[in-house]
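Chains as they are written, first to last, in numbering that gives the first Met the number 0: chain P, 0 to 655; chain D, 0 to 359.
I should point out that these hints are in silico values taken from the structure, not numbers from a laboratory. A virtual CB, placed ideally from N, CA and C, is assigned to each residue, including glycine. Treat the hints with care, since some could be wrong.
Said to hold, decoys possible - Sample of chain P residues facing chain D (criterion: CB under 8 angstroms; computed from the structure):
# : residue
1 : Gly14
2 : Val328
3 : Gln339
4 : Gly341
5 : Val342
Said to hold, decoys possible - Only pairs whose alpha carbons sit at most 20 angstroms apart, straight line, appear in this in silico SDA-like list of lysine to any residue:
#  : chain 1 : residue 1 : chain 2 : residue 2
6  : D       : Lys221    : P       : Gly341
7  : D       : Lys185    : P       : Ala568
8  : D       : Lys69     : P       : Ile451
9  : D       : Lys69     : P       : Gly341
10 : P       : Lys424    : P       : Ala568
11 : D       : Lys69     : P       : Gly631
12 : D       : Lys88     : P       : Val636
13 : D       : Lys185    : P       : Asp637
14 : D       : Lys110    : P       : Gly631
15 : D       : Lys185    : P       : Glu142
16 : D       : Lys85     : P       : Ser406
17 : D       : Lys352    : P       : Ser539
18 : D       : Lys69     : P       : Ala568
19 : D       : Lys345    : D       : Asp267
20 : D       : Lys85     : P       : Phe643
21 : D       : Lys88     : P       : Asp637
22 : D       : Lys69     : P       : Ser539
23 : D       : Lys179    : P       : Gly455
24 : D       : Lys69     : P       : Gly455
25 : D       : Lys88     : P       : Ser539
26 : D       : Lys58     : P       : Gly50
27 : D       : Lys354    : P       : Ile451
28 : D       : Lys185    : P       : Leu196
What the hints assert, rightly or not - Which stretches of chain D does chain P cover? Using the computed rule of at least three CB atoms under 8 angstroms from a CB of chain P, they are:
#  : stretch
29 : 158–170
30 : 194–200
31 : 349–357
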Amino acid sequence: MIEFLSALDQILSIGHLTYLITGVLVGLVVGIIPGLGGIAGMSLLLPFLYGMEPSVGLGMLMGLVAVIPTGDTFTSVLMGIPGSSSSQATVMDGFPLAKKGQAARALSAAFLSSMIGGVVGAIVLSVFILVARPVVLAFSSAELFMLTLLGLSVVAALSGGNLYKGLAACGFGLLVGTIGGAPATGEFRFTLDIDYLYDGIPLVIVGLGIFALPEIVSLLVKDTAIASSKNKLGHGLGQGFKDVFANLPLVGKSSVFGSLIGAIPGLGGSVVDWMTYSFALNSSKDTSQFGKGEIRGVIAPESANNACASGSMIPTILFGVPGSGSAAVFLGGMLLLGIQPGVSMISTHLDLTYTIIWSLAMANILGAIFCICFTRPISLLTYIKFSVLTPIILTLILFAAYQATRSLGDFILLGVVASLGIMMKGANWPRPAFLIGFVLSSGAENYFFQSIQFYGTSWFARPGVIIIAALIVIGFVLPPILKKRKQAKLAEASDAEKAVAPTDHKPSMSYADLAIIALFAICGGYALFDVWDMAKLTRSFPMIAIAIVLFSVVMVIFKSVREKHQMVAAGLTPNLVYIAGFFGIAYGYYLFGFICTTFVFSLVFLRLIAKASYLKSSTIAVCLVIFLVTLGRIMHVDYPEGLFDEYLLDAIRLIV
Amino acid sequence: MKKLSTLLGASILSFSCLVAAPIQAEETQVPSTINWTVPFGVGGGTDVWARFIAPHLTKNLEGNPTVVIKNQPGGGSITGTNLFYKRAKDNGQDILGTSASTLFPFMLGDKRVRYNFDKWVPLMASPTGGVVYVQPNLGVSSAADINKLNGVTLPFGSQGPTRLELPVLIAFQMLGLDVKPVFGMKSRGAGRLAFERGEAKIDFQTSSAYLNSVVDLVNNDKAVPLFSLGVLNKEGKVVRDPAFPELPTFQEVYFQKFGKEPSGEAYDAYSKFLAAGFAFQKVIFIPADTPSDVIAAYRKGIHAMLKDPTFIKESAVQVGPYTNIEGIDAAQHLSNALTISPDLYKWVAQWLKTKFDYTL
């Protein structure tokens, strides 16, 4: 208790607070710029970190790590670009809200929920950390496998009306996730002998390709501002706060859930946003607005992801095993400060642990306040004609993608995933299902084999496994079924009246549907052929994924044959043209150099396609270059140098 | 349109003026900025090691250059190392920090490896040791009781058959232990967690991880140390680890159990991978074509650093109580460790295939 209060006293000192705020500001900046995340922030703070007083250094680091899931909300809501993996679910409803002209409302609600989530997380952390050790140890590979199943069962809720499409997408995600080394044997699968694929596909690329690029392309095709209806902005901020207070139970539940999931090492924070999103979906009476701009769909994941960042400190501090990417960064910082994680953090260094927790709470509050201050001016971006924003957004996306592995492969893969994303968006296939399958693939496979190897077949009789299984059924499988039944009853009741009215709502099929079906089937078939001869432990899991894909594809076809449907044009031709253009431009960025191409492309695009004035075009182009060069200088970020960048950078170095 | 072309023309003109500006300077000493490529992510073992050393390098090198750590993760360090091999400048501004997972794929002939150690010179190597320990409920209180483990199946959380655990897995087999590796652990830390949960019955950690996380377990009777991997002395012989002088080495335990010194192909393979993975756990390389006076300046700086009392003190905490190997010594031992005869390679490939169904 003394430690608890003395730690509070310490973080309120001016010195500590200054460093904490520095950390928060850096965290917000790297959070806002997509693709950067904790690692880039660390490289900025590290030079100061070495030799720092541990408690002050930890405060600064905590400030950095805690607010990343707050800052990344900006691009998720305003541009549909998931700033990091923990805010992918925010895009689902945050971006539609921005399109409705309610960006400020979505943002303020998100920031307030982030703040509450972070503080709840810190409270949970301060109590839980004293008793967490046995609890964390109780989660063996078997329980972890069940947790991945819990994550996968979310697909049922997110599939919209069409479960088989959801299953197929999820199975395909699982299959794509098995590219690279097999965890149980170390053998490589589906690498096509391309070096890039040996490591598996980076999550950043999948997130950007499946969500961000398709949105951008369809906005470009429409060529309006992001916000298509005006005037709501005035009441946005206050409305957002009201929304949060009206949904406090949801915020509370999501926060507690988020911090607990974060506390379990091995699962990571990448699905917690989807889990709480579907939780919000299942617990809402009216689900019709989800995916079209439902504020609950923003509140739930945003409360959870900050809480999860808090929770993930538990395994980091107690076991030295980071629960998420940014926790890994925090761990590295701890080691550099000369602090060893472990039991000593709650025995001899309890004061440091409480410093961490207080800093966490403080950082969340400060971060949210800073963000709320910027919400109004930044939301105005959504009223600018979209084509003017395009070069900026495209540069940001390419920048983010390139941070994944820093190779040309990042760009190519981004284009490929984006093509799939555009087709799925056009034909109304659930994209989150694909993403969730992808994210959970390696965990599911790994923990499944590990639990079988450690426990034989007795693993599913473990109490933890049974409890989680019950949770899956009660929380995620039953609600959609019950809901459907209720709807069916309602429909029956109203059927009598409607029977006379002609149904103009025929299910439709488009060429995009056919293309997706063909793609899934061909990939499934090829994958089956490829793994057939491999070792049993290498091929088992991909074969399960293939079975899911092929079965669901057959069911989708069967259903469409049986039901009457009309063929409609996909209307995706212009989108695909843009994607072809994307490949060309991305290659240009790589070939000629990232910074040079940014300059030339923005200039030409803004002048010729967006029809902006010369002054505007060149100002934006120059600003982008300054932004990139500064970023490169301060954070040691790398860009593809290409043919010309080296000269350009040398020249700039001469001047500045 | 005319306006546009004027604009474009102007920008191209100004651009080419910038390009034409000469940027050359013959460097014969350590450049003012050193880019240290670390082919691993931020916060990993090698990264922390490099970031610990970087300020000491700055302090001890002539002209106190800025050392910038460039993380280039991917392919378990293969990606970043390949890039370094292809792109590193040989004027002394580029150095590389490697780990066991950079050397092993090279030794195993991984087809993604495009680098070759002929083109680089090691400047310094930080060795580490390791300790094998078991659950206390097996009735074993030290390596003297190793026969009690005969016939007991011992699950072992491992990252993969070709990872850092490779020599340890060979050691287990030579000792006749029935170790059942469970692969797919994300890190050695995850393996330790499996041990703490009681899932794994045997585990192994490198020195610093053992000192930080396992000693507590041992003191609370939650783990029993069996043996250490030992360290190589100047003559290349294995001796007891200075960090764990009370623990016997693998060789001693083998002698105790079988009454003879270990030998044969398995032992050769063990020794090679042990040297590469532990004696040369972390190495700083510089391209061999770097001017010799620059390399000499580096060597001088590193020599001064290793003698610096603050470095020695902090290094004992961060890396373990080991003597870092410098320059020529490092080059000699390293090339010994990395050369694998075709016969030995065949043995390793065969062993991986029959034991783990892993195809090299």
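Each hint tested on the structure:
1. Gly14: P/Gly14 check fails; min Cβ-Cβ to chain D is 22 angstroms, beyond 8 angstroms.
2. Val328: Since the shortest Cβ distance to chain D is 5 angstroms, the answer is holds.
3. Gln339: Given a least distance of 4 angstroms, the restraint on P/Gln339 holds.
4. Gly341: 5 angstroms, holds
5. Val342: 6 angstroms, holds
6. D/Lys221 with P/Gly341: It holds: about 15 angstroms lies between the C-alpha atoms, which stays within 20 angstroms.
7. D/Lys185 with P/Ala568: 46 angstroms, violated
8. D/Lys69 with P/Ile451: Not OK: D/Lys69 and P/Ile451 at ~40 angstroms, beyond 20 angstroms, violated.
9. D/Lys69 with P/Gly341: 29 angstroms, violated
10. P/Lys424 with P/Ala568: Judged against 20 angstroms, a Cα distance of about 14 angstroms means the pair holds.
11. D/Lys69 with P/Gly631: 12 angstroms, holds
12. D/Lys88 with P/Val636: Holds, because 19 angstroms separates the two Cα atoms, which is no more than 20 angstroms.
13. D/Lys185 with P/Asp637: 27 angstroms, violated
14. D/Lys110 with P/Gly631: Given that 20 angstroms is the threshold and the Cα spacing comes to 33 angstroms, the pair is violated.
15. D/Lys185 with P/Glu142: Given that 20 angstroms is the threshold and the Cα spacing comes to 17 angstroms, the pair holds.
16. D/Lys85 with P/Ser406: 14 angstroms, holds
17. D/Lys352 with P/Ser539: 19 angstroms, holds
18. D/Lys69 with P/Ala568: Since the Cα atoms of D/Lys69 and P/Ala568 sit roughly 49 angstroms apart, the hinted pair is violated (cutoff 20 angstroms).
19. D/Lys345 with D/Asp267: Holds - the C-alpha atoms of D/Asp267 and D/Lys345 are around 12 angstroms apart, at most 20 angstroms.
20. D/Lys85 with P/Phe643: The given pair, whose Cα atoms are some 19 angstroms apart, holds under the 20 angstroms limit.
21. D/Lys88 with P/Asp637: 16 angstroms, holds
22. D/Lys69 with P/Ser539: Judged against 20 angstroms, a Cα distance of about 38 angstroms means the pair is violated.
23. D/Lys179 with P/Gly455: The given pair, whose Cα atoms are some 13 angstroms apart, holds under the 20 angstroms limit.
24. D/Lys69 with P/Gly455: Roughly 44 angstroms between the alpha carbons, so the hint for D/Lys69 and P/Gly455 is violated.
25. D/Lys88 with P/Ser539: Violated, because 45 angstroms separates the two Cα atoms, which is more than 20 angstroms.
26. D/Lys58 with P/Gly50: At roughly 14 angstroms apart (the allowed maximum being 20 angstroms), P/Gly50 and D/Lys58 satisfy the hint.
27. D/Lys354 with P/Ile451: Distance of about 19 angstroms is within 20 angstroms: holds.
28. D/Lys185 with P/Leu196: OK: D/Lys185 and P/Leu196 at ~19 angstroms, within 20 angstroms.
29. 158–170: holds (count 4)
30. 194–200: holds (count 4)
31. 349–357: holds (count 3)
Going through the hint list in order, the structure does not satisfy hints 1, 7, 8, 9, 13, 14, 18, 22, 24 and 25.
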